[in-house]
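Those protein sequence lines, which keep their order, are chains A and B.
Each residue of the first sequence is one higher than the one before, starting from -19 at the first, in the numbering used here.
Each residue of the second sequence is one higher than the one before, starting from 1324 at the first, in the numbering used here.
Worth flagging that the hints you see were computed from the coordinates, not collected in a lab.
All figures in this text were calculated on a predicted structure; none of them were measured in a lab.
We put the CB at the ideal spot given by N, CA and C, even for glycine.
Among the clues, some could well be false.
To be verified - Reference listing, derived: stretches of chain A covered by chain B, where coverage requires no fewer than 3 residues with Cβ under 8 Å from a Cβ of chain B:
1. 16 to 29
2. 62 to 70
3. 156 to 169
4. 218 to 229
5. 243 to 256
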Amino acid sequence: MAWFKKARRPIAAPEQASRVPEGLWVKCPSCNKAIYNKDLLASLSVCPRCAHHFRLSAADRLRMLLDGGWTEHDAGLRSTDPLTFTDTKAYRDRLSKAIAATGLNDAIIVGSGTIEGLPAVVAAMEYSFIGGSMGVVVGEKITRAAERACAERAALIVVSCSGGARMMEGTLSLMQMAKISAALGRLDRAGLPYLSILTDPTTGGVAASFAMLGDLNIAEPKALIGFAGPRVIEQTIRQKLPEGFQRSEFLLEKGFIDLIVDRRELKATVARSLRLLGVGPRSTTPPATAVPTGDESDA
Amino acid sequence: MAELLDFEEPIAVLQKEIEALRLMPSTPERLAAIQQLEDRATSLRVEIYATLKPWQRVQVARHPNRPCMLDYVERLFQEFTEVHGDRRFADDTAIVAGFGLYHGQPAAVVGHQKGRDTKQKIYRNFGYARPEGYRKAMRVMKLAEKFREPVIVFIDTPAAYPGIESEERGVAEAIAVNLREMALLDTPIVVVVCGEGGSGGALGLAVGDRVLMQEFGIYSVIPPEGCAAILWRDAQRKVEAAEALKITAPDLLALGLIDEVVKEPPGGAHLDYDRAAALVDEAVGRHLAELQAMTSEARLDARYDKFRDMGHAGQSFVDEGAPAGSRAPGQAG
Ligand SMILES: [Zn+2]
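Please model the complete structure; the sequences and the hints are all you need to start from.
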């Protein structure tokens, strides 16, 4: 529900402010130091001086989490603009523009592969696609990712980066919260691990559904995480919000986040967490002695 | 006399005439004239309400005299006993939860209560629920599951409360957990959207086997004013936003997001609480009987499939296949 916050920037224009810009040198918005672009990319877009986390694209996110190659799923899913929604602009045009700008059909990429050898399905949200907003395609792809994880006995990891539900798909987008959560319920009861990675920002209907339902909720430092947007709250209570309100550290203190992890440690932390939750590597070759071990080689 | 909305102006004119006649000495001619005017007001009301625009429906859904959850509870349940608190932090008064007899059968009831007079509204926080409310509702629903009682839900909220304490106590988590657990709750759940279905604050109680909606209720991802402020950059464009968002009961039925539209008395539920309650009762009773005839497994599968199908291939998205050359780098196979 970060609706009013969203009002401050154009909806369709990809927000690049926090992304690593093109060019040789990059100025860190946090410490104001110039960073050599190559150094920044080598440190997963984390400022080597002050550890400011620049926003990461969905593709980069999958690249940093998964080992080597992975298989992408449901890349062809595209919204039909079910409400034929038009405001000052037709939603259809906003969609086409976002598709052309990102090379994606919607605000998420789902891939399956391994993380330090452990089988996983990973869904990563793309903020530059209409603010990472969740419409029917995002809803369907995460639901399918959860169902795939169930079927393949793999872990599910969802990296959130979203302002919430996509209002141009109306109540249909709201219902994706229920649809995804129901699928996560089945994954939960199947005894499979689900890790929710919360990055800046994770708000609205995304926070109030899958992002808060991880067996472990893992946040990047200083990410904005909350249900209502800060401006909506300020309008309601008619006072300024305290510094650090709705940031990762605040949520950890209040008990809603398990871990805050620097991106450079994220993959190792995810892999360790999965191992500690009982996930083992999937053997690709049959065991030398055919003894039923109850492992996942039959999955 | 219920407050009149702007589009009811033609009725107001007739009512003024009626009042003027009533102030004069009563004669058979005057009584006949009053009757005639009253009949005309009634047919005018039916006519107006038959063609309400989305924004007008928003006004009806938020009507100050619209029956609240407890008006329905009073009429549909016997021995209603409200219970309080989430056993964690506090009691949230914007959400009412309890047990009562529904046609003689024990049932759990939860829902938002907006309150009507100023004092009540403040006490109920205008139906803006805090995390404790969602957790209290879940506690009561779990009891319903334990004692094999159905759950009947009334939805009427502008939104979950957007305040500091809501965020501190994890309103996002509270709603999220309800979405997951209601999908799995092993007992029949019938939801009635009776006023405003305000975004996640509504959905956090609204996962059920059947979702019914009163004729003039609304159910939206964002209030029309908020949507207009963002997309039109002008909250006054709420009328257009209300149209674009497709938030009316007939629209949502067509989209497959609700199961049935429950009729309201002519001129809206606020003109006749008893009649409105009777219409809700008929629909709830019928759906409940169907659900109670199903096995747990069949009912839970149907509930899953129902939400699973919200936004399906062909309707709201298509699969164009992987676009050539756009596959993720690092992809092996
Ligand atoms: Zn820096």
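Evaluated hints:
Beta-carbon proximity to chain B at under 8 Å applies to 0 residues in the region 16 to 29 of chain A; the threshold of 3 is not reached and the given coverage is violated. Counting residues of the region 62 to 70 of chain A whose CB falls under 8 Å from any CB of chain B gives 6; the rule of at least 3 is met. For a cut-off of 8 Å, the count of residues in the region 156 to 169 of chain A with a CB near a CB of chain B stands at 12, and the three-residue condition holds. With a cut-off of 8 Å between beta carbons, the region 218 to 229 of chain A has 3 residues touching chain B; three or more are needed, and the interface restraint holds.
For the region 243 to 256 of chain A, the stated coverage by chain B is not satisfied: 0 residues place a CB nearer than 8 Å to a CB of that chain, which falls below the threshold of 3.
Checked against the numbered hints given earlier, the structure breaks hints 1, 5 and satisfies all the rest.
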